[in-house]
Amino acid sequence: GAGVSQSPRYKVAKRGQDVALRCDPISGHVSLFWYQQALGQGPEFLTYFQNEAQLDKSGLPSDRFFAERPEGSVSTLKIQRTQQEDSAVYLCASSLFERDTYGYTFGSGTRLTVV
Amino acid sequence: RKEVEQDPGPFNVPEGATVAFNCTYSNSASQSFFWYRQDCRKEPKLLMSVYSSGNEDGRFTAQLNRASQYISLLIRDSKLSDSATYLCVVALGGSGNTGKLIFGQGTTLQVKP
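One line per chain: the protein sequences are A and B, in this order.
Sequential numbering of the first sequence, starting at 184, is according to the numbering used here.
Sequential numbering of the second sequence, starting at 861, is according to the numbering used here.
Misleading hints may appear alongside valid ones.
DSS-like cross-link-like pairs, simulated, lysine-lysine; straight-line CA separation at most 30 Å [what the hints assert, rightly or not]:
1. A/Lys240 x B/Lys905
2. A/Lys240 x B/Lys902
3. A/Lys261 x B/Lys972
4. B/Lys862 x A/Lys261
Just so you have them, the derived chain A footprint on chain B, three or more residues with Cβ under 8 Å [said to hold, decoys possible]:
5. 876-884
6. 891-903
7. 918-931
I should point out that these hints are in silico values taken from the structure, not numbers from a laboratory.
Remember, predicted model here, so these are calculated numbers, not experimental data.
Using N, Cα and C, we set each Cβ at its ideal position, and we do this for glycine too.
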């Protein structure tokens, strides 16, 4: 597609529920990133994939967060047993080259609300 | 202490005004520097990269001072359409470079008629 596509656009989850957020990067982009943006804050890095390899997961806040990109294209961010502090916008970005900071394209994000 | 610090504002300015935003970063291994713009409920979009020599794009001028670890953005002749949040962003270089961006909190600009 022309841009990075994320779904769903909005998700309301009850506390304790598991959620899965999808990111469809630009075709052929090697790098894929997930960020979490809390209200009034800048995005914070969660994890990085180079093709199917998850090379950096240092930003994942707990073991309830899990991400995968099994075929090097679509990625899924899963949050188990959601908590209220997980409420945020989850942004996905892709770039053409590995470790490329100049060529980012962000998706529109998934707004997660945990009630 | 946050790795990238910005004054969150808001900055309320009249149309036509000149406004300057600053940010500081703490990691001297930072190698790449950017200003991103984020409209309300939208994704961040790259406004411009920032270089030590300074760079200009129309009404926007960005400056980097590596010695002071300080980045600035100047907007001249403000337009209503400049109203947004401006995010200061850095990325590490060398072995620390995994491609991740480190964002400041953002500075909110409201341009009024």
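A quick look at each hint next to the structure:
1. A/Lys240 x B/Lys905: With a Cα-Cα distance of about 23 Å, the restraint between A/Lys240 and B/Lys905 holds, given a limit of 30 Å.
2. A/Lys240 x B/Lys902: The given pair, whose Cα atoms are some 25 Å apart, holds under the 30 Å limit.
3. A/Lys261 x B/Lys972: 42 Å, violated
4. B/Lys862 x A/Lys261: Satisfied, since the Cα-Cα distance of roughly 27 Å is no more than 30 Å.
5. 876-884: The restraint on the stretch 876-884 of chain B is violated, since only 0 of its residues have a Cβ under 8 Å from chain A and three are required.
6. 891-903: Since 4 is at least three, the answer is holds.
7. 918-931: Coverage by chain A is violated for the stretch 918-931 of chain B (0 residues, Cβ < 8 Å).
This entry does not satisfy hints 3, 5, 7, going by the numbered hints stated previously.
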